[in-house]
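So the sequence lines, in the order shown, correspond to chains A and B.
For the first sequence, the working numbering assigns the number 1217 to the last residue and increments by one with no breaks.
For the second sequence, the working numbering assigns the number 605 to the last residue and increments by one with no breaks.
Check each hint, because a few of them may be wrong.
[Stated by the list, open to error] Computed list of lysine-lysine pairs in DSBU-like fashion (alpha-carbon distance at most 35 Å, straight line):
(1) A:K885 <-> A:K1042
(2) B:K522 <-> A:K854
(3) A:K885 <-> B:K522
(4) B:K238 <-> A:K854
(5) B:K218 <-> B:K324
(6) B:K268 <-> A:K832
(7) B:K485 <-> A:K1076
(8) A:K961 <-> B:K485
(9) A:K846 <-> B:K269
(10) B:K268 <-> B:K444
(11) B:K485 <-> A:K927
[Unchecked claim] Only part of the chain A face toward chain B is listed, based on derived beta-carbon distances under 10 Å:
(12) L912
(13) A951
(14) S996
(15) K1030
(16) Y1033
(17) A1055
(18) R1064
(19) R1093
(20) P1148
[Said to hold, decoys possible] Quick list of simulated restraints, FRET-style, between CB atoms:
(21) B:I566 <-> A:K1042: 44 to 52 Å
(22) A:P1168 <-> B:K522: 54 to 62 Å
(23) B:L203 <-> A:G947: 44 to 52 Å
(24) A:T810 <-> B:Q290: 43 to 51 Å
(25) A:P954 <-> B:S282: 51 to 59 Å
(26) B:S370 <-> A:K885: 52 to 60 Å
(27) A:T928 <-> B:S472: 35 to 43 Å
(28) A:P1168 <-> B:P243: 25 to 33 Å
(29) A:E897 <-> B:A215: 57 to 65 Å
For the record, the hints were derived by calculation from the structure and aren't laboratory data.
As the structure is a prediction and not an experimental result, all values here were calculated from the model.
Don't be surprised by glycine CBs; every beta carbon is placed ideally from N, CA and C.
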Amino acid sequence: MSYFAGITELPPDPLFGLKARYVADSRTDKVDLGIGAYRDNNGKPWILPAVKLAEAKLVSSPDYNHEYLSISGFEPFLKQASKVILGENSAALAENRVVSQQSLSGTGALHVAGVLLKEFYTGEKTVYLSKPTWANHNQIFTSIGFKVASYPYWDNDTKSLDLKGFLSTIRTAPAGSIFLLHACAHNPTGLDPSQDEWKQVLKELEAKKHLVLFDSAYQGFASGDLDKDAYAIRYAIDQKVISTPIIICQSFAKNVGMYGERVGAIHVIPSTQKDEQLGRALKSQLNRIIRSEISNPPAYGAKIVSTILNDRALRQQWEADLVTMSSRIHKMRLKLKELLTNLHTPGTWDHIVNQTGMFSFTGLSPDMVARLEKVHGIYLVSSGRASVAGLNDGNVEKVANAIDEVVRFYAKPKL
Amino acid sequence: MYRTSLLKQTARPSVRVSTRQFSVLNNQVRKWSEIPLAPPDKILGISEAYNKDANTSKINLGVGAYRDNSGKPIIFPSVKEAEKILLASEVEKEYTGITGSKKFQNAVKGFVFNNSGKDVNGQQLIEQNRIVTAQTISGTGSLRVIGDFLNRFYTNKKLLVPKPTWANHVAVFKDAGLEPEFYAYYETSKNDLDFANLKKSLSSQPDGSIVLLHACCHNPTGMDLTPEQWEEVLAIVQEKNFYPLVDMAYQGFASGNPYKDIGLIRRLNELVVQNKLKSYALCQSFAKNMGLYGERTGSISIITESAEASQAIESQLKKLIRPIYSSPPIHGSKIVEIIFDEQHNLLNSWLQDLDKVVGRLNTVRSKLYENLDKSSYNWDHLLKQRGMFVYTGLSAEQVIKLRNDYSVYATEDGRFSISGINDNNVEYLANAINEVVKQ
């Protein structure tokens, strides 16, 4: 290894490494509760009916081609995507205050937001992340050169939101810091602030003039309703609660079930006042960043999402598909909790049904998670985050029994 | 004297000036509006201006995307067929791994490095696990990833690019933290390769520099080295211990046959097997040769010293890519996988599609040449150039005049994307050029 200085082999990325171990496992009754991708009740990946219909429509259209998009991306997609997150009647959109750029899904949006802020933001270059948060958040920002700090979020004792700690960190953080907020279906805990709690959080953020960065990866997965799941973002923007710039990183990976097509966008609302010159400058700088990283974003997925959003019938189908996914996941939460309750598994399990979105933060320890994988062939990340979408009528009993076994195994008094 | 420093206009605007940043702190709020407007991209800006022009005779010679004889974009029939198969059989749209699907990686290795069974050296390198391939966001994405990788792990930051080179090369590598510098390549006054100075300027560079080589259809000049000239360049590369970074965006566009356009890759493989070269990297894309432009389908491959080195390098590539975009887009790569999957029998139809595309470009090139006035300007270089472009040698003033007076849109370096030319406009274009040259 002489050619490249200091190059050493790294352990695999935890999530992708987990998937690799799962694939290599020869047990036929193995269960994948790792990566957050939806599965139907047969444990199979699901292409949404709305997507299948949109693909047929798109590919047979006479205008269909594989040409380059502009650097900003597919304009009909951007226009509709911004409405999905900000609302049909968004004043910010009507006033032309939103600068949008297509991105490589959520990661790409966060990365571009980071690069933009690194270059142009003179406030405190520290990004505050919830504790815990999505495994990739930390390195997205540290790899660009930001300092990363955390704010309390999950109280493991009560298995609920640590609002007091959250607000206290907002107050003590240096003014003008960057706060990353999960718009809904918090990853990994599945625990969201209530509307009243959001109001308190946003009020405190404004008081310290922190910059607000929303990560919206699961819109529609928390409640099954796109508008409800955008509550925090719309409250912040529509009520002009936040006077500092707001950046939204939006992904269509989960809610359109097009994980691998890499569809997303970054929306920047630089000001509560209209400022066309600033908007143009921001757009040009976003273009410059994109041009030297990828030239222009991938076309196909954005065209599919745009086809869905611009067709009334397809849009209705998509909203129905969202309900299908979120209600099946909710049913599995109820079932798992019921089974664990019936088994009298030590501990309380109400949090499983109180959490929303694709994940449940089970509260299982790393030891228990390791035993689930080794003894039972059940795969989840070591933090105890389980992708509830991996549960179905065929495996939920096995999973409940296995959780019962590992909890009791480690609950045994140590002699 | 050949260490040409970067021209001013290719340098990035000074966006890092602190007073031009935005801040949320109250007393600095006004400064948001001082984020400077970044200059529009030169090539894509041409298309925007073209779209706004109302002249019905307008011609777009800017972007390097293929147009048929009626001026329309095409989908390769083989690609259309592959897409049909994909839509009928696709049951999931899950994430690939960080570096793309294994099937795609293997398709690229077999096609490019083993030349689909015709390169024993490449075959050996594949079998010895000495090639790490990662799917990337087409050519630009692969250039950026290797730029970031070399910035992290290679001992030298200096990267030599030909003068001229693709307009985006310098920005990509600068943003990756490398230090691009030009080596001599082309003599504009003679409209010819400047091979003597090319060798001289390379030889004058410090040992261990990274050197960017265009595999074929040099962009923008269309002038490639002969096999004999490549031999001389590779001798310098070995002598100076340069790290070869090959950009292959137009495989198949020189000869019409992708298997013939990779003489450089085959020779590099041979040198590696002979232990005369330790490592090199290849940026490759299917944007042009499958017409998958907007689907962003390409790859980066690093030829390593050993299977152990491959493992370390692959893990570092993953670490590098994960925080930037997590995983690459699947639509284009699944189409590529289907075309290379023997059970679908599409490889030959793709080769025919590509041959047809290149054939039309060559026909148009000859027609343009025929219609140009050779009495006032020597146009012989047009016939030597290969690929999607002709590098006319016209000055920026002449290009601007073509735009203003004739609605002919091209980049100011005089590069014309010839797929914008067809039977209906070739005479109009030739006449416009003749008029502008005469003045």
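Results for each hint:
1. A:K885 <-> A:K1042: Holds: K885 (chain A) and K1042 (chain A) sit about 17 Å apart, inside 35 Å.
2. B:K522 <-> A:K854: holds, 33 Å
3. A:K885 <-> B:K522: violated, 44 Å
4. B:K238 <-> A:K854: holds, 28 Å
5. B:K218 <-> B:K324: It is violated: about 41 Å lies between the C-alpha atoms, which goes past 35 Å.
6. B:K268 <-> A:K832: holds, 23 Å
7. B:K485 <-> A:K1076: Violated, because 40 Å separates the two Cα atoms, which is more than 35 Å.
8. A:K961 <-> B:K485: Between K961 (chain A) and K485 (chain B) the Cα gap is close to 32 Å, so the pair holds against 35 Å.
9. A:K846 <-> B:K269: Distance of about 21 Å is within 35 Å: holds.
10. B:K268 <-> B:K444: OK: K268 (chain B) and K444 (chain B) at ~25 Å, within 35 Å.
11. B:K485 <-> A:K927: holds, 23 Å
12. L912: holds, 8 Å
13. A951: violated, 17 Å
14. S996: Status violated, d = 27 Å.
15. K1030: violated, 26 Å
16. Y1033: violated, 23 Å
17. A1055: At about 8 Å, which falls below the 10 Å cut-off, the nearest Cβ of chain B leaves the hint on A1055 (chain A) intact, so it holds.
18. R1064: Holds - the Cβ of R1064 (chain A) comes within 10 Å of chain B, reaching about 4 Å at its closest.
19. R1093: Constraint on R1093 (chain A) satisfied, holds at 5 Å.
20. P1148: violated, 35 Å
21. B:I566 <-> A:K1042: 44 to 52 Å: holds, 46 Å
22. A:P1168 <-> B:K522: 54 to 62 Å: holds, 59 Å
23. B:L203 <-> A:G947: 44 to 52 Å: violated, 25 Å
24. A:T810 <-> B:Q290: 43 to 51 Å: violated, 26 Å
25. A:P954 <-> B:S282: 51 to 59 Å: holds, 57 Å
26. B:S370 <-> A:K885: 52 to 60 Å: Holds, at about 57 Å.
27. A:T928 <-> B:S472: 35 to 43 Å: holds, 41 Å
28. A:P1168 <-> B:P243: 25 to 33 Å: 54 Å Cβ-Cβ, so the 25 to 33 Å window is violated.
29. A:E897 <-> B:A215: 57 to 65 Å: violated, 28 Å
The structure does not agree with the numbered hints 3, 5, 7, 13, 14, 15, 16, 20, 23, 24, 28 and 29 stated previously, though it agrees with the rest.
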